[in-house]
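Colleague: Sequence:
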Amino acid sequence: MKRKNDSQNSRNKSSATPDWQARDPNYQAEQGRYEDPVPSRQLILDTLTEHAGPLNVDDLIGHFQLTKLNQQSALEKRLGAMIRDGQVVQNRRGSYGPVAQMNAVAGVVQAHRDGFGFLCRDEGGPDIFLPPRQMRSLMNGDRVLVRITGTDFKGRPEGSLVEVLERGSREVVGRMHVDQGVCYVIPDNPRVQQDLLIPPEASMGAKHGQMVVAEIVAPPGNRTLPVGKVLEILGDHLAPGMEIEAAVRAHSLPNEFPDNVLIEAERIPDTVQPHQIKGRVDLRDLPLMTIDGADSRDFDDAVYAKAMRKGPFGTGGGWTLWVAIADVAAYVTPESALDAEAAARGNSVYFPQRAIPMLPEKLSNGLCSLNPNVDRLCMVCEMRVKPDGEVAKSTFYEGVMNSKARLIYEDVAAMLENPNGPEAARQPHAVPHVQVLKELFEAFYKAREKRGAIDFETHETKIVFGSERKIDRIVPIKRNVAHRLIEECMVAANVESAKRVAKAKIPSPYRVHEKPDAMKVTALREFLTERGLKLGGSDRPETQDYAAMLARTKGRPDQPLIQTVMLRSLMQARYSAENLGHFGLALTHYSHFTSPIRRYPDLLLHRALKHLIHKKPVKDFAYSVDAMEKAGAHSSMTERRADEATRDVTTWLKCEYMSHHVGEEHDGLVSGIAPFGLFIELAGLYVEGLVHVSQLKNDYYKFEARHHRLIGERSGTAYNLGDSVRVKVVRVNLDERKVDLELIPTKGSGQRSSIVQDRDTESRALPSKKKRRSR
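Using the working numbering, the first residue of the sequence shown is number 1, and each one after it goes up by one.
Mixed in with the good hints, there may be bad ones.
[Said to hold, decoys possible] Listed next, with one range per pair, are the computed distances between beta-carbon atoms: (1) Thr151 with Gly235: 30 to 38 Å; (2) Glu578 with Ala548: 22 to 30 Å; (3) Pro419 with Glu457: 25 to 33 Å.
Keep in mind the hints are simulated off the structure, nothing from the lab.
Positions of the beta carbon are idealized from the N, C-alpha and C atoms, including for glycine.
Please put together the full structure from these sequences, using the hints given.
Modeller: This is the structure we're talking about:
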C-alpha cells in the first residue's frame, strides 16, 4: 500500500505519551510482552466500532500516535492476525472494520457431497446455507467470512463468500484415476467435493485404482479444480484394512505417538509403586469387579455394591455403592508430552477390529487399565443410595484397588437369569455381588423413570468378519440387564462428580445436553398433531413431556417413526465449562467422570476433583473457565471427528459387503426421506440403501418435510418414514459409498395419503348449504 509521507500524515503528531495507553485495558499485559507496546486487539476493535466508518492503517497509526517504525509494523501484523481470526474485515480500499459492522460472519465451512455447504458460525447460532456457486472455490474445513444475502427455500439464512481466512486440511486421501494421460484423485471423504488434479510429474508413479495421500498445492477457483501432488501411496483400493487407513488420514486422526510421548510413557514403572499408595484409601480387599464387552481391552471402571441393613420400623436400608475409576491423572500430568498428545487426540477411536487409543498402550491397556488381580491406582466415588434410588451422600477420594473379577455383559446377564447355570459356576464368588448390583439397578431405574428421563429404543449393530477381513455378517447388539446395570452406576457417579465441582465452583468440563430448539419443537408438534397426539409442555417442553409421549405411543404401529422424529428434534450433546444440565437424562448436573483412559474431559474432571480432595484453594487451580471452555469445544470436535471416521469405515465395509448381493431382493423399512429419494434399511442385513426419486414410477413426487414423506402429485401415493417395502439391490458404488435400490411393487409399498383422500372427497363428505342450514 502506498502511504503518505510523514509530513503529510499524523504519525508524528505528538511526542507526548499517547492517550490510548490509558484507555487500553490490556496495556499492562502488552507492556510485559513488548518493549514498544501497540494497542491490544480489544482497543483496536473498540476504536473501529466507535468510528463512523472503516479506517485504513495510516488512520489507525495516526489515531494511536505510533511514532516508531517497529510499532507501525507490529500494528499491521496484528491487523493481519485479526483478519485471519475473523475479528475484522479489510475492504477493497484497504480499510478495516469489525466483522459485524461489515455485515460479515466468520466460521468454518462444512461441505456436502451434493455440492452445497454450510457455514458453522464461530459465535454459534444457525448455520448459513452456501449454495453450490459459492462452494466452487471452497473446501471442507476452510475458515471464511460470509455475508448473509437472504434466506433459501427452507427459510435458512443464505450467504455469499467475502473472503477465505484460512484454508482447512492440506491433505486429501482418495483413489487415483488415470484417464487418457490425465491423473486425478477422487477424494475418499464425501465432504471433499472437488477432484484433485495431479500433474504427471507429481504422481509418484501411483497407478490407476490405488489409494493415495495427496497434498493440495493450489486451492480450487471458480472455474478450476484444486491441484495437488501425491505424498504417499497407501496401496490397492480393496486391500484389507485400507478403509481404516483412508479414514484415519481423511479425518486427520493422530494415529502414531511421537517419540517424546513414547519415551515419557516408558519411563513410568510397569507396576504400582509403594510410595504411590501412601495417603490413599486401601480398597484391595473390597470385591470390586469390572463388567465390559468381550472384546474390551481397556477397563476404566470397577463397581461393588453392599446392601445396608434396615433399622427398626423399616428405617435405613439401601446400598453403599463404590465406583472405582482408573486414576489416569496420577500418570498423565499437566504440560507433559503425554498430556499434550491426549489433549490433541481428545478421545480414543474404535474401528471394527482396530482401535486408536488416546494414550499409549502401556497406559491404556496396562498400568491404567483395571485388569484383574493386580494393584491399580483409582479415583473413587463412594455413594450412599437410599431405597428409592436417590443418592443421599457421596464422597470422592484417591484409592488403590485390586479387581477380583473381569466379567462380560452376557455372562452377568446369564448369572442373573440362572444363578445355578454354567456362567455362574465358572465364577461363583461373583454371583452374590452381581445380584446386589441388580437390586440397586432396579432402584436406580425407578428413580430414572420418576424424574422422566428419555429412554429411546436404539438399535446398534456389530460387524462379524470372516477370512481376509471380509464381512461375514452383520448382527444386532442386544442390550441386556448387565449393560443397563453398569450404565446406571456410571450415570450416578457422573452426576455426583458434576455436583461436587459445581458446588466448589472450580472450572471443569460438564457434559451438557440443551433443550430442543424452538423451531424443531414446532415441527415436532405439527407432526404429532397429524397423528392425533399432543406433546405436553409449553414452547419449551421438558424431558418428562418427551418421556410421556414415548410411553403413550408404545405398541402403536407408527411408534418407531414417532421415536425417530422425536430423536431428530433433540440437540447434540457437547462439553462446556458452563453447567447447562442434561435434557435427555432429566438431570441438572452431569459430567463425564468414568472413562479417563479414552476421554480427555474425564481426565480434566479428575484433576479438578483431586484439587478439591487435597483441599487446595480453587483460585490456585491450573485451569481457568476460559481454558476449560476451549478444551471442551476441542473435545466436542474430536468426538464428532471420531464419529464421522468410524461411520465412514462402517459405511464402506457395508458397501463392500453389499457388492456381493447385487441382484438380490430384500424386505426393508423406510429409515429416512429426502427430496432426492428414500433411504431403506434392509431387514436382516442392517444395511441402508437409497431408492432414488427417479425410480418412483408414473408420477412426480414432492418432498414434504413437515410430514416426513414423499408424495405423488397426481396419484396421492405417499411413502412415509417407517413404511415396509420390498426392494432389489441394483448397484453398489464404493467410491461414493452408495447402495442403490429399486422398489418392487407390492400391495403395501406406497399408500394413498389420507390427506389427499380428504381433499378428493371433501365436496362429497360435506353436506350442502341447504342441509347444513336445516341442521
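Colleague: May I ask which of the numbered hints given earlier this structure violates, with the numbers listed in increasing order?
Modeller: 1
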